[in-house]
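Throw the hints in and build the complete structure from the sequences for me.
Number of protein chains: 4
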Amino acid sequence: MSESASNTSQRKSEHIRLCLTNEVSFRQKTNGFENYEFIHSAITEVDLNKISFQKKLFGKKINYPFLISCMTGGTSEAENINSMLTEVAEEVKIPIGVGSQRQALENAYFHNSYKIIRSKAKSVPVLGNIGAAQLVHLNVKEIQKLVDMLDADAFVVHLNPLQELLQPEGEPYFVGLLNKLESLCKKISVPVIAKEVGAGIEKISAKRLLDTGIKGIDVAGAGGTSWAGVELIRKNEIENPFWDWGLPTAYCIRTVSELKKNYDFILIGSGGINSASEMAKAFALGADLTASARIVLQKLLNEGPEHVRIMIESWFKHLKGVMFLTNSQKLSDLKKNKILKKELLT
Amino acid sequence: MSESASNTSQRKSEHIRLCLTNEVSFRQKTNGFENYEFIHSAITEVDLNKISFQKKLFGKKINYPFLISCMTGGTSEAENINSMLTEVAEEVKIPIGVGSQRQALENAYFHNSYKIIRSKAKSVPVLGNIGAAQLVHLNVKEIQKLVDMLDADAFVVHLNPLQELLQPEGEPYFVGLLNKLESLCKKISVPVIAKEVGAGIEKISAKRLLDTGIKGIDVAGAGGTSWAGVELIRKNEIENPFWDWGLPTAYCIRTVSELKKNYDFILIGSGGINSASEMAKAFALGADLTASARIVLQKLLNEGPEHVRIMIESWFKHLKGVMFLTNSQKLSDLKKNKILKKELLT
Amino acid sequence: MSESASNTSQRKSEHIRLCLTNEVSFRQKTNGFENYEFIHSAITEVDLNKISFQKKLFGKKINYPFLISCMTGGTSEAENINSMLTEVAEEVKIPIGVGSQRQALENAYFHNSYKIIRSKAKSVPVLGNIGAAQLVHLNVKEIQKLVDMLDADAFVVHLNPLQELLQPEGEPYFVGLLNKLESLCKKISVPVIAKEVGAGIEKISAKRLLDTGIKGIDVAGAGGTSWAGVELIRKNEIENPFWDWGLPTAYCIRTVSELKKNYDFILIGSGGINSASEMAKAFALGADLTASARIVLQKLLNEGPEHVRIMIESWFKHLKGVMFLTNSQKLSDLKKNKILKKELLT
Amino acid sequence: MSESASNTSQRKSEHIRLCLTNEVSFRQKTNGFENYEFIHSAITEVDLNKISFQKKLFGKKINYPFLISCMTGGTSEAENINSMLTEVAEEVKIPIGVGSQRQALENAYFHNSYKIIRSKAKSVPVLGNIGAAQLVHLNVKEIQKLVDMLDADAFVVHLNPLQELLQPEGEPYFVGLLNKLESLCKKISVPVIAKEVGAGIEKISAKRLLDTGIKGIDVAGAGGTSWAGVELIRKNEIENPFWDWGLPTAYCIRTVSELKKNYDFILIGSGGINSASEMAKAFALGADLTASARIVLQKLLNEGPEHVRIMIESWFKHLKGVMFLTNSQKLSDLKKNKILKKELLT
Ligand SMILES: Cc1cc2nc3c(=O)[nH]c(=O)nc-3n(C[C@H](O)[C@H](O)[C@H](O)COP(=O)(O)O)c2cc1C
Ligand SMILES: Cc1cc2nc3c(=O)[nH]c(=O)nc-3n(C[C@H](O)[C@H](O)[C@H](O)COP(=O)(O)O)c2cc1C
Ligand SMILES: Cc1cc2nc3c(=O)[nH]c(=O)nc-3n(C[C@H](O)[C@H](O)[C@H](O)COP(=O)(O)O)c2cc1C
Ligand SMILES: Cc1cc2nc3c(=O)[nH]c(=O)nc-3n(C[C@H](O)[C@H](O)[C@H](O)COP(=O)(O)O)c2cc1C
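Protein chains in written order, with full-length UniProt numbering: chain R, 1 to 346; chain A, 1 to 346; chain P, 1 to 346; chain Y, 1 to 346.
Hints are computed from structural coordinates only; laboratory data are not their basis.
Accuracy of the hints is not assured; some may be wrong.
A pair counts as met if it fits within one copy or between any two copies, since identical chains are not told apart.
Below, computed lysine-lysine pairings styled on DSSO-like, alpha-carbon distance capped at 27 Å [as the list claims (entries may be wrong)]:
| hint | residue 1 | residue 2 |
| --- | --- | --- |
| 1 | K207 | K50 |
| 2 | K335 | K317 |
| 3 | K115 | K93 |
| 4 | K50 | K235 |
| 5 | K342 | K203 |
| 6 | K336 | K203 |
Printed below as a string of structure tokens:
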């Protein structure tokens with residue numbers, strides 16, 4: 001195993017360990033959902049039994065529009081984690097993302113930690129993943145290999161300029177990224193999705209991304225896991241103001257969803273979605289899919305896979321309640337003026 | 001007594017017991033009245049002695065536009081409670097609502113707890129009551145019987161989707177409700193009123209209700225008794241975010257009153273009206289009648305019927321003061337720009 | 001001495017005693033000045049030595065546009081208090097108001113407490129005073145006698161509906177007041193001023209007052225002495241929400257000053273002006289004169305007349321500083337956009 | 001040494017001593033930067049290695065647009081302080097201002113404390129300095145001598161009306177200042193800059209200044225060092241409300257930068273810039289140069305010159321990060337809508 005590969009893998013282990021605590025949350029910034037309230041509908045004729053979240057995603061049927069966010073791969077724990085998460089995904093019938101496949105490019109040692117996902121995810125969509133910092137150095141053929149390794153249903157490029165900036169091993173260099181994305185979208189066999197990792201994508205960046213041809217945006221906004229925090233703890237620089245850098249998730253979803261008028265894409269709302277009501281508000285603000293990362297990992301490793309399933313199902317049970325109480329028979333109804341800024345409710 | 005009837009009656013007893021405490025209030029939401037201030041009028045020519053609150057309601061004369069909200073019926077305590085409350089209502093000359101008559105549909109065991117009201121309310125309006133969840137399964141004839149049982153002056157349908165959702169025995173199913181209301185309004189012998197039970201009715205729902213032909217809306221907004229809270233305590237699920245679900249009473253009154261331009265209806269302001277100044281603000285924001293439930297019950301059972309009377313009279317004494325100080329000779333004057341958002345008063 | 005006269009005088013003594021404490025301040029409301037900030041002018045060419053506050057008021061020269069507000073009269077202490085305050089007023093050359101002359105109408109026992117003022121106020125304006133509740137029962141001749149008793153330079157009618165409402169001995173009845181004011185203004189020998197006593201006069205009431213012909217308005221807004229508080233302490237009803245009733249002084253001055261466009265009148269800013277910077281902001285918001293009551297009384301009785309003088313002079317020294325720093329050579333310059341809401345200063 | 005000269009020098013020593021503590025900060029006012037947030041750009045193609053802050057200032061090349069603000073001169077400590085600061089400035093290649101040259105006008109005793117600056121600042125711009133209160137009494141020739149003494153590259157006139165007002169020895173008299181500035185600008189050999197010392201220059205004053213022909217404005221706003229505080233501690237008058245007088249730095253920069261449309265000038269942002277992120281926001285709001293005074297002095301005297309250098313370099317390293325994360329290759333890009341009021345980010 002090469003030095004660098006071993007480093008990448010060690011770093012990833014460290015990340016997982018830190019993410020099991022809550023110390024890596026934003027400290028002075030929230031995801032913004034607390035500023036919103038649902039508009040209760042005293043008159044509701046929603047039939048709870050007819051609410052269904054089933055839909056097709058990348059050609060496959062899923063039960064809930066909820067994605068287990070890209071997390072691990074390329075570490076000794078990863079194989080085990082991915083295996084358990086995929087079992088949950090397959091049982092619950094939801095899509096799952098794989099952690100950065102960078103490691104897979106470096107050597108073949110942990111290839112299994114990626115492949116296990118596809119082998120267990122028989123029916124649900126699996127999303128490949130690579131960082132933008134790697135992407136700028138790769139050609140489409142190499143990316144296609146990553147897709148093929150997983151038989152991925154879509155491919156995620158994560159944009160993490162803040163993390164690359166702060167990480168001692170970081171590569172804060174994305175020159176040529178938009179061009180690269182454009183040619184990737186043209187030539188690769190599956191839809192491409194762009195995501196952040198906790199600092200958020202707002203309307204302007206989203207528009208530039210959509211103009212390259214990508215088919216999905218995961219805002220991964222501020223207020224949940226602070227990747228700056230993770231890196232700053234590792235560097236022992238916890239006073240650095242970058243810890244709280246980023247755009248609140250609610251703001252990102254709200255502004256990016258305005259682009260739906262002119263672009264056809266999947267809007268994934270994520271970043272600090274750690275409860276049923278945050279998830280519900282993400283949908284109401286315009287998300288097509290929501291996603292969570294750290295809370296899923298915590299549930300999995302602290303309580304076991306069964307509790308990941310329970311959590312997801314209970315969140316959607318709550319969401320059904322919200323839909324019932326806002327007279328929204330379908331998830332799309334929930335997006336039509338069913339939520340308001342709190343300050344307007346007086 | 002059938003199982004289910006006995007259950008309903010037991011549940012109602014539990015409700016009453018919980019409502020004697022303050023634990024069932026909203027926890028993170030207020031009724032919104034604290035955001036408003038009256039505009040003092042240094043020049044007032046109001047003649048306090050000529051202020052009168054007398055008016056006709058459903059063809060009967062009342063002294064105060066204040067309703068003792070629908071609460072009990074169908075429990076062993078109910079007969080006694082209703083008896084005492086009705087005596088107060090008759091003495092003070094105010095309308096009184098009866099608790100859900102669902103129990104009366106189930107069996108005849110506690111019919112007296114309802115009938116006692118009419119027998120003591122010789123001169124004041126009495127309002128019948130049924131839940132929307134029951135209404136969808138009933139026909140107009142059955143409802144007419146409930147009206148007749150009480151010789152009711154009006155009939156209230158309570159909309160409580162949140163409660164039905166959370167209640168273990170709940171029936172969160174209101175499909176066909178608007179149609180049902182429409183035919184009810186057409187055929188029943190008395191005016192129909194729609195009310196919530198603490199989550200609020202705002203403009204959009206109100207408009208849909210008024211289009212069915214109902215003649216009154218009791219907003220029963222958030223900030224007072226949380227029925228979600230009541231049910232969640234019973235289920236031992238006190239962390240559930242639905243506890244604080246709902247639209248603040250002030251918001252509901254303010255927005256629903258805008259419909260007065262186009263519809264002819266009685267607007268009842270309620271939901272956490274526990275003090276004289278909250279009641280005064282409810283009128284200033286547009287209510288024709290105000291109503292309280294839990295505080296009345298608490299006064300009654302903790303201090304005795306005499307104190308219910310004292311409370312109501314002292315509230316209206318305070319209201320007279322507010323009218324005097326805002327140069328409002330009639331209650332209708334109080335609704336004309338006599339109140340402002342606090343933030344504008346600088 | 002008649003019962004009622006003795007009562008009035010006793011009540012007034014009680015008022016004075018209570019006003020020496022700070023317990024009678026508003027509890028949850030401020031005068032609103034803290035929401036404003038001066039706009040610093042780095043470039044100032046103001047000549048501090050040429051700033052003068054001298055002006056003519058009711059035909060007499062005064063050194064400072066500051067009024068010792070109407071307070072006492074008709075009590076055993078009053079003669080002494082008025083004597084000392086007038087000496088200060090005469091020394092500093094500022095106008096002084098006399099407390100309600102109601103007592104003088106009732107009997108002649110304390111006439112001296114009023115007359116002493118004129119005898120010592122050789123050169124400065126003296127203002128007579130009566131409550132609106134008395135005015136409605138008096139004819140112009142009787143008022144003229146009150147003016148003559150003092151050789152008053154102007155006559156103040158105080159509007160205190162809140163106090164009359166709460167005072168056990170109160171007469172909350174002002175029917176006919178505007179007409180009365182109109183004929184008073186026409187026939188009396190001196191200009192008439194209307195004032196509140198701590199609940200404020202805003203634009204709408206001010207307009208109605210100006211239309212009667214009055215020549216001055218003293219807003220006497222909320223945030224300083226709460227007369228409701230005074231009366232509620234006397235009645236042992238300290239939970240009454242009327243304690244904090246009223247319109248903040250800053251709001252009153254700001255809105256009433258807008259009437260300057262169409263009316264010619266003296267705008268007196270008062271109500272909780274207890275510091276130099278509150279006084280300065282009152283001028284900047286549009287007051288022609290400012291006034292204080294309780295703090296003057298407290299200084300006088302707790303520290304002695306010399307400290308009243310020192311306080312007033314130090315306040316105007318501070319005001320000079322404010323004018324210097326906002327490039328305002330004259331007080332009128334200070335009113336031209338030299339102050340902003342704090343929230344705009346970011 | 002004349003009395004007055006000795007006094008000036010003693011006062012300056014006292015100032016320095018006080019400024020080593022944090023007691024002289026604003027107490028209830030901030031510089032306002034905390035109300036702003038950068039707009040994260042998930043898509044950035046900035047090449048960190050190509051970011052350069054080098055520019056020409058007054059004909060000389062500097063590495064960073066950062067000015068060590070005018071502080072000392074004319075005291076026994078001054079020579080040493082200035083010597084050390086200039087070494088840092090020369091090493092880092094940044095401009096440096098000299099403290100008020102008033103002392104140099106009074107006698108020649110401490111001339112060296114000024115001259116040492118030029119002798120060590122071989123390549124970077126040096127800024128002369130005089131107070132506006134002195135300027136109004138001087139003619140252009142005298143000022144030219146001050147410029148020549150330093151071979152200054154620009155000349156700063158500090159506007160400190162608040163300080164002059166409060167200082168026991170103060171001369172709060174600036175009559176004729178604008179005219180004086182106009183003739184100075186016409187006749188002196190170097191560009192003239194106007195600055196405040198902690199109370200701020202906003203748009204209106206800035207416009208009046210620019211109309212005289214000055215070429216730079218240093219807003220020196222409120223939120224950092226309170227010179228009123230310094231003087232009030234000396235006078236033992238710490239309750240004086242002037243302590244917090246002034247316009248927040250962020251407000252000043254934001255409003256003065258609007259004048260860039262019509263005027264050609266250097267906008268210097270300063271006043272409480274004590275951290276990297278405050279500096280970054282100052283640029284984003286429109287500053288061409290930023291400056292700090294007290295924190296530099298504190299670093300120098302508490303930690304040594306090396307730490308001044310480290311601080312400045314680390315701030316610009318942080319700024320590079322901010323530029324990277326907001327997709328701003330050049331500092332001028334950072335000024336184009338890369339920052340938002342926090343309240344808009346929900
Ligand atoms: C342990 C861990 C590892 C992660 N690794 C990746 C990754 O490899 N690729 C990626 O796109 N995002 C990665 N993320 C970011 C998440 O996908 C997600 O965008 C972010 O954590 C915000 O969501 P959260 O607040 O729900 O945790 C990782 C997150 C965690 C917690
Ligand atoms: C003990 C209790 C029983 C109630 N039962 C009924 C009912 O049977 N029907 C109904 O329409 N509302 C019922 N309510 C709701 C009240 O009418 C009212 O809308 C709600 O409590 C909000 O008002 P409050 O904040 O003044 O309590 C009940 C309330 C209480 C406290
Ligand atoms: C002891 C005392 C007696 C007062 N008596 C009168 C009065 O007789 N007539 C009147 O117009 N206002 C009277 N006032 C009201 C004051 O003139 C003034 O409007 C009010 O106190 C608000 O000002 P402040 O906050 O500076 O005290 C009295 C105030 C005090 C403190
Ligand atoms: C010790 C000290 C001495 C100062 N002397 C001067 C001076 O002589 N001339 C001047 O224009 N500003 C002087 N200033 C003001 C600074 O240049 C600066 O405008 C002000 O302190 C605000 O910046 P800060 O918050 O970074 O300290 C001085 C500041 C300090 C701390």
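Outcome of the hint check:
{"no.": "1", "hint": "K207 with K50", "verdict": "between (36 Å within a copy, 26 Å between copies)"}
{"no.": "2", "hint": "K335 with K317", "verdict": "within (18 Å within a copy, 43 Å between copies)"}
{"no.": "3", "hint": "K115 with K93", "verdict": "within (18 Å within a copy, 55 Å between copies)"}
{"no.": "4", "hint": "K50 with K235", "verdict": "between (52 Å within a copy, 25 Å between copies)"}
{"no.": "5", "hint": "K342 with K203", "verdict": "both (23 Å within a copy, 17 Å between copies)"}
{"no.": "6", "hint": "K336 with K203", "verdict": "both (19 Å within a copy, 16 Å between copies)"}
The structure shown violates none of the earlier numbered hints.
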